[in-house]
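Protein chains in written order, with the working numbering: chain A, 141 to 253; chain B, 146 to 257.
No lab work stands behind these hints: they were computed from the structure. Careful: at least some of the hints might be erroneous.
As the list claims (entries may be wrong) - Okay, the calculated bits of chain A under chain B, using three or more residues with CB under 8 Å as the criterion:
(1) 156 to 167
(2) 221 to 234
Said to hold, decoys possible - So, partial list: chain A residues that the calculated Cβ filter (under 10 Å) puts toward chain B:
(3) I144
(4) Q178
(5) G181
(6) T192
For each residue, glycine too, the CB sits at the ideal point set by N, CA and C.
Chain by chain, the residues:
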Amino acid sequence: AQTIHQWPVAEIKAVGSPLSLGCTIKGKSSPNLYWYWQATGGTLQQLFYSITVGQVESVVQLNLSASRPKDDQFILSTEKLLLSHSGFYLCAWSLAYNNQAPLFGEGTRLSVL
Amino acid sequence: DAKTTQPDSMESTEGETVHLPCSHATISGNEYIYWYRQVPLQGPEYVTHGLQQNTTNSMAFLAIASDRKSSTLILPHVSLRDAAVYHCILRVDQGGSAKLIFGEGTKLTVSS
Numbered sequence: 141a142q143t144i145h146q147w148p149v150a151e152i153k154a155v156g157s158p159l160s161l162g163c164t165i166k167g168k169s170s171p172n173l174y175w176y177w178q179a180t181g182g183t184l185q186q187l188f189y190s191i192t193v194g195q196v197e198s199v200v201q202l203n204l205s206a207s208r209p210k211d212d213q214f215i216l217s218t219e220k221l222l223l224s225h226s227g228f229y230l231c232a233w234s235l236a237y238n239n240q241a242p243l244f245g246e247g248t249r250l251s252v253l
Numbered sequence: 146d147a148k149t150t151q152p153d154s155m156e157s158t159e160g161e162t163v164h165l166p167c168s169h170a171t172i173s174g175n176e177y178i179y180w181y182r183q184v185p186l187q188g189p190e191y192v193t194h195g196l197q198q199n200t201t202n203s204m205a206f207l208a209i210a211s212d213r214k215s216s217t218l219i220l221p222h223v224s225l226r227d228a229a230v231y232h233c234i235l236r237v238d239q240g241g242s243a244k245l246i247f248g249e250g251t252k253l254t255v256s257s
């Protein structure tokens, strides 16, 4: 079975500091991977998605970037955090033309002070 | 473009059967309909999914309209643990990509 591991579970960072959030998938190759952001009490907003290594499409950037250095890894980062980056970040997995349901990670809670 | 529309919120009482609607009027023939639920600061949890036929599992019954333009998630005998935001999601497969289309989600409140 597929599993998603997100790290870290939670972060408290200062405005202007760098950030790197990670997501690792186990159990399936060549997945579609996604990053979502959710403000406190808000809806899920898709940030990026990737269908293959080295290829990332931006949906909404929010001064963030994403990379897929390996088939099973998806990284979200920025060099300078803003207060507006606070929130809950989710990584998700899916496969096209497949009956399996998308899978979501447990999320990373980010507080920018 | 595919889109889903859900009511912002619904209220219920323990033991009731709850019907959560979702409109997806622009759905295409190969797009799966997924339902997830999410509690604060956790990832969405899979509930059920379907393509054309109604489906049922231990958590819920999914009724899909014959024209597939809407679906209803039916939660029998809800308990306090069923309080969550329920997301209706379409998966749009194109080329090698699987786009996930979210609506706003319905916040279900359950009172005792």
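(request) Just pull the numbers of the violated hints for me, sorted ascending. (result) 1
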